[in-house]
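J.: Protein chains in written order, with our numbering: chain A, 2 to 217; chain B, 2 to 217.
Misleading hints may appear alongside valid ones.
Identical copies carry no separate label here, and so any pair may be met within one copy or between two of them.
As the list claims (entries may be wrong) - In silico BS3-like pairs for lysine-lysine, Cα to Cα no more than 27 Å straight-line:
#: 1; residue 1: Lys63; residue 2: Lys84
#: 2; residue 1: Lys67; residue 2: Lys213
#: 3; residue 1: Lys76; residue 2: Lys93
#: 4; residue 1: Lys162; residue 2: Lys111
#: 5; residue 1: Lys84; residue 2: Lys162
#: 6; residue 1: Lys67; residue 2: Lys93
#: 7; residue 1: Lys161; residue 2: Lys213
#: 8; residue 1: Lys213; residue 2: Lys93
#: 9; residue 1: Lys161; residue 2: Lys63
#: 10; residue 1: Lys111; residue 2: Lys84
#: 11; residue 1: Lys213; residue 2: Lys84
#: 12; residue 1: Lys213; residue 2: Lys162
#: 13; residue 1: Lys213; residue 2: Lys111
Simulated from the structure, these hints should not be mistaken for laboratory data.
There are 2 protein chains.
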Amino acid sequence: MEQVIQHPIYEVIFSRRDVRRFLPRPIPEEVLQRILTAAHHAPSVGFMQPWNFIVIRDTGVKGEIKGLFQRENAKAAQVFRGKRRRLYDRLKLEGIEEAPVNLCITCDPKRFGPHVLGRHTIRRTDLYSTCCAIQNLWLAARAEGLGVGWVSILSNDRLKKILRIPRGILPVAYLCIGYPIEFLPQPELQEVGWASRLELDDLIFADRWGVKQGKG
Amino acid sequence: MEQVIQHPIYEVIFSRRDVRRFLPRPIPEEVLQRILTAAHHAPSVGFMQPWNFIVIRDTGVKGEIKGLFQRENAKAAQVFRGKRRRLYDRLKLEGIEEAPVNLCITCDPKRFGPHVLGRHTIRRTDLYSTCCAIQNLWLAARAEGLGVGWVSILSNDRLKKILRIPRGILPVAYLCIGYPIEFLPQPELQEVGWASRLELDDLIFADRWGVKQGKG
Numbered sequence: 002m003e004q005v006i007q008h009p010i011y012e013v014i015f016s017r018r019d020v021r022r023f024l025p026r027p028i029p030e031e032v033l034q035r036i037l038t039a040a041h042h043a044p045s046v047g048f049m050q051p052w053n054f055i056v057i058r059d060t061g062v063k064g065e066i067k068g069l070f071q072r073e074n075a076k077a078a079q080v081f082r083g084k085r086r087r088l089y090d091r092l093k094l095e096g097i098e099e100a101p102v103n104l105c106i107t108c109d110p111k112r113f114g115p116h117v118l119g120r121h122t123i124r125r126t127d128l129y130s131t132c133c134a135i136q137n138l139w140l141a142a143r144a145e146g147l148g149v150g151w152v153s154i155l156s157n158d159r160l161k162k163i164l165r166i167p168r169g170i171l172p173v174a175y176l177c178i179g180y181p182i183e184f185l186p187q188p189e190l191q192e193v194g195w196a197s198r199l200e201l202d203d204l205i206f207a208d209r210w211g212v213k214q215g216k217g
Numbered sequence: 002m003e004q005v006i007q008h009p010i011y012e013v014i015f016s017r018r019d020v021r022r023f024l025p026r027p028i029p030e031e032v033l034q035r036i037l038t039a040a041h042h043a044p045s046v047g048f049m050q051p052w053n054f055i056v057i058r059d060t061g062v063k064g065e066i067k068g069l070f071q072r073e074n075a076k077a078a079q080v081f082r083g084k085r086r087r088l089y090d091r092l093k094l095e096g097i098e099e100a101p102v103n104l105c106i107t108c109d110p111k112r113f114g115p116h117v118l119g120r121h122t123i124r125r126t127d128l129y130s131t132c133c134a135i136q137n138l139w140l141a142a143r144a145e146g147l148g149v150g151w152v153s154i155l156s157n158d159r160l161k162k163i164l165r166i167p168r169g170i171l172p173v174a175y176l177c178i179g180y181p182i183e184f185l186p187q188p189e190l191q192e193v194g195w196a197s198r199l200e201l202d203d204l205i206f207a208d209r210w211g212v213k214q215g216k217g
């Protein structure tokens, strides 16, 4: 078979990680602008562009978010028992204070009014668009040598109060961004034995759910 | 200022489009595998990998989905009036039958049981993960010269019946994939004057919602 020269995007996709350990090195303003521009060029339903970006550098704000994480994580940890709990407690699940920049990406479901093209039947396509923007940013950051970590163990209501996000706007992602100490060769949860990557082939069906494609 | 050599991912991100017009040229199996592998390497909450991929080539299935689109689109069109309605009616919002491959990407909220690391407080992070996979695939496809179009004017309930998707599994995206007639220089909705790209700077806040960063 002919040797296929793959596009550099694959290396970016395969080497992207959820990063929790950051160097103190600051992010140059033009690099930050580039990754935000990448996010802003995501697809969006009806070209709605429902996102906003709150760039957080203030140590006071970071400290409040860190406190919120600690309270929520104490609750989240309780569902795990025994060995699993001991492993959980050793995991580092945020890098809020170490990362030079934290970024909250929000979704405004009312942008451009009630009638957005393509959003008539599936309303939460606004959220889907926002997630596409997040992934654009994550990949652009990786290409720039920046690590990104998504902190999902937060209460949205309290996060909104800290960041003064108005009623009706939804925080979708709270990200920590900075130059990482390292990019692990595989996801950390796989490295520590928490979970493994599924076989792609098992996840693919042909024409209808549950139907496997004939090999040949 | 020093000339910055930007990573090729930016060109992919900026030239990605929501494509509706496809050539009949088939997609080589290894190319399809590569873009599915890109999707499968998306980040996911607790390494949950909640996605499945239904690859649709059957013309009968495509025809059923096309019929579903037509019924839903007739309803969706009614919210627009006058000039806006005439413009809406001229837009092509799907390429279901022309695209050699349709792809339904689903989310299984119960994969790995009730306790997924990092999903304790914000339950729909499973959907967010699935959207990251969609954007990975979209960008990899663009790098391969493939166009992708997201068809959001569908009823999920009826889509599930056609594709025999079990109760509890959510279809997140229905995509048409193939080699495009062209990649437009800007989004089609901008080209035809339906909507414009917002100013990125207007969407960025510093530390808290509504606070603009001092320029310096």
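J.: Please write out, lowest number first, the hints stated earlier that are contradicted by the structure.
T.: Violated hints: 1, 5, 8, 11; rest satisfied.
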